[in-house]
Amino acid sequence: MVAPVLVCCGVVLLVVCPWAALLVHPGQGAQDTALHGASALIMPTVGWAVLVAVVATVLGRLAAPALTQRTSALTGAVIAAMLPASAVFYVWYAMQPVDSGRWVTALLLWAVLVSTHWPVAALVLRGSVRTAALDSDDAARQLGAGLLRRLSMCAGREWPMWLASVALLAALSVLATTAFDLAGVVTAATEVRARAALGASFAGLIGPLLVLSGPAIAGAVAAWMCLGQVPPQGDHKRTTPVWPAIVLVMASVTAPLIGLIWITPQVGAPTDGMAGAIVHVVLRGIGIGMLVAMCTMPMVSVCRQLRRGRVRWVHGVVLVWLVAALLPSSFVAAGWSALQQWLPPEFARWGIGLIAASLVQGTAVAWLIARGMVMATPIEREDALAMVGTRWWRPDHAMGMAMVAAGAVGGVLSVFMPAIESMLAPPAAGPPLVSRLVDAMHYQRPESVVLALWGLLIAAAAVAVVIGIMRHRRTVAPLCLLVIMFGCADQSDSSTVQPLTIDAVIGGPGTRTGRFVTPRAAAVHDGVLVVIDRTGRLQHFEDGGVCAVDLPLEGRGFPTGVHLDEHTTAWVADTHSGRVLRIEHGGDIEVFAGPGAAAGEPHDLGTPSDVQPLPDGRVLVSVYGGDDHLALLGADGALHGVIGSAGDGVGQFRRPQALALDAHGQVWVADACNHRLQRVDPETGEVTAVLAPPDMRYPYGLDILPDGDLLVSEYGGNVLRRMSPDGARSRRWGGWGDNPGQLRTPWSVTIDEDAGVLYLVDAGHDRVLRIALQAVAW
Amino acid sequence: MTAARCCALGAAVVMSSIGCAPQDEAHVPHVTVYVSADEALARTMLDAFTRDTGISVRMVGDTEAFKSTGLANRIRRERVRPVADVFWSSEATHMALLADEGLLEPTRTDRTTTWPAQWRDADHRWHGFSPRPRVIAFDPEVMDRADVPIAMADVFAPRFIGQVAIADPRFGTTGGHLSAIAATHVPASWLALLDAMGHARMQVLAGGNAATVDAVIRGDALLGLTDYDDVIAAQDRGRRVDMVLPVHEAGGVMVTPNTVGVLRGCPSPDTARVLVDWLLSDIAAEMLAASASRNMPVQQSVQTQFPELVVDDILLVDHGAAAAGHNEALAAVLAALRRQSDDS
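Just so you know, the protein sequences line up as chains A and B, in that order. Residue numbering for the first sequence follows the numbering used here, beginning at 1 and increasing consecutively. Residue numbering for the second sequence follows the numbering used here, beginning at 779 and increasing consecutively.
Simulated from the structure, these hints should not be mistaken for lab results. Don't take every hint at face value.
If the Cβ cut is set under 7 Å, some of the chain B residues that face chain A in the computed set are [as the list claims (entries may be wrong)]:
#, residue
1, S834
2, L983
3, V1031
4, A1114
Predicted, not measured: the structure shown is a model, and the values here were computed from it. Yeah, the Cβ is synthetic: ideal placement off N, Cα and C, and Gly gets one too.
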């Protein structure tokens, strides 16, 4: 009795509770929400449903024999069934000539609906075209029966399944509301969706629901009852033509694929970052598919009991379940949306309503697959399984295949449900995929639709292939684990680095005073912060506000290093002009060293990256560009000596990018391209320490904490690192990304000891971060 | 596959879902916003906000067809325990309705003190910014500009029967436009307009204003009542469409503002106010004016940078009054449209 109880719990949870919530939800009545009355919706709804269902059923019957013989035909049909009709319609809609008229649009819509629904008919009718049908057909041939006679015999034999297929497809076909919207066709399903979005009460929805309930009930009953028939068995095997299936698969899959290939180069690349949303929704679909697969276990058990005439009351439960799945998903979403009012807000934030609403259709498919699988199994085998004590929680091979099939189909069905997503999607960094896709269709942004279609096509093909290889059960667990790892890796913070705790953000992108374009150099002293960015400005930030000084650059590049001395005079390494500038707080600019220097020998400093005044009045300048070294300048700017040379040995440098003077008069050098720090005695030129953590990447910024520890900003590692001078301890913060506390190519770091803060130039985000020193404590 | 493996897989799925759910990092400031503006534009703006302030943003949008209406109803359903902090709507009517229902809390900001009164709620429960005009779209190769009606009343004239497309008036800016007309016209004019609509056999499209423009481009309609930014978007894609700004009987062109408000009882009111303030800043106005939507800036300092977007003769709308009469106006419009369905 456990399985039937679980089934009851399932229908209560997924169907009854949301419906009950909608019943008591006040909402708006029909008068306030109805644009189209129920009577006006009957003709278009029923008309479209019948037009699609009948033709799709005929085509499905033609293709059904091939699906019993060829796995490739089955795979192709499954792919065609899983393509969202709306997305496929959009491909043709985008290629439709502008002035072709409404009738062409309608024809395209009909063709697309047929192409995505004939596989359902073929799968439903598969059971009725087994070998016994061939027995009867061959017997009729031998008796001299003509084609018409044989066809009428076939119809007489298979009419229940045909009827079931038409009823089921009639209910399914009108649920592609987005495609109908694009084509400008109003049906009862589109009206339900519109009223649900308006917050209509159950009474406000009842009109169009009544129009849809007929096909839904008929489809549910027909599908359930006809799948409950034991298919005829026989030994006769004759190869039937597979060309109908091939033609249909090509028309349904290959033709849109060709269309997609044709329009892809014309629409350009999407710029709205849809790739991540595609991955997310595919992984969500796989997760929901796995839940559907698990739900299939008790369903198969219940179907086995029903076959033996037990728990007959479950028929009613299942029919309610199937009817719910055949009603518009917006109705389901409205129910869950009403139910969430009484649930903790975490239900909405975690998207539990979204998952539950998405499960309704998938689990309904699971019921049909379970029923079909059970009835297709010979009763003798069922008896044998019962004798050996098979339990529903121990799936056998057949149950396993049913689980996989149900999970695969259920998962894919859950992907494209615009109404459910728009009403139940939890807050996220960006809108969910399907909402973006529907918007892209309506806003005529084909580049986004095309990218999403490629993603969905690949996903559908992958699922179809998986159905084929799932005969090898051992591949299931590793694949699932891979998916789970993939999913979690995508969503959670993949970095092992703790984000920074930011006190304040200074600047932001822009060219106005107070904003930056790729800031690189920064220094602070006595509450005054100066920042140089790629617009060639040196900006002072202090309590009174911000002011900017335009640097007299030669147009060859922009400075990357700056230091503030005790007089708040800025020493600027004018990197690409080969000189050092000195800028007084009032704004007077002097060329201290290099071409154009007021005093001393006018020599080219190469490419100076940073400048560090020394206590004795001399100035140390780091230089790179091939002849990498440290230049020691006198107080007059004259060159007094050179420390080091280019290379990766001790005392050599490859891009010395930053300098910092410690309390012992030693100078630490950020040897960027050697991924290390070196400590140099400026008196002797001797290297007294080398720190090279294995995970250090391109240290560009460097400063000394009051306790002697080093703060290093790593341009390549996208982290801020604290290190002890002996290298024994090291800790990182930040990590690459756009989330708060993450960095993009940080450049300089500078410490304001008096204020107890540090300033980190987050160049890739065009900003400077102020961070409390406690935030970078051990 | 044993039950143990199945249970393990099931547990793994649940764990993965938990792991895949948004991580609520208590130490990272964040704000949740429901947005009915164009999602691509909104994401760009909100990414800039995050870069400027360090506050992460989680957003929920809606499809083009239902936009602000769908989100406003979602806010109503969540009124007991709000999930969102801020509602950024692409129009004013539903925002004003939420304010009247007590779902928004006053948010004072210095930014709007010099703005005209029509851009904010009298009690500061919402603020409007960066509006865009309502326009009539037409195909310049099918109609001469001189033949396109300028007066709103002439749009539903007999010569355009069956040739006018509008978005579903139950949603978005179309509904707000009609409510504004009802609020600003004398009753006799409004009734005459309704009567004309009832006989106009308009094409009411479910895909929103973008579908209206598309109908004009495809030749399914001669005229389309839509938003300025939808026509601009179509022109940017190289489509053959142009527009005129219709003038209303009460005087002026209807412009629909973006509006923003903080939800009462929201989880993060402090960061919500920061976001509201940012959206009302010059920076946001510049971004919106420079974007593909080409929204008109309200701030005079920004108007000088984008003079071509400024509409001088704006229809003065009391959005609060329009919202108060919205349900009645909508019911009348729906009745008129149902009547045209019956007639046809």
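Hint by hint, here is what the structure shows:
no.: 1; hint: S834; in the structure: holds (5 Å)
no.: 2; hint: L983; in the structure: holds (6 Å)
no.: 3; hint: V1031; in the structure: violated (23 Å)
no.: 4; hint: A1114; in the structure: violated (11 Å)
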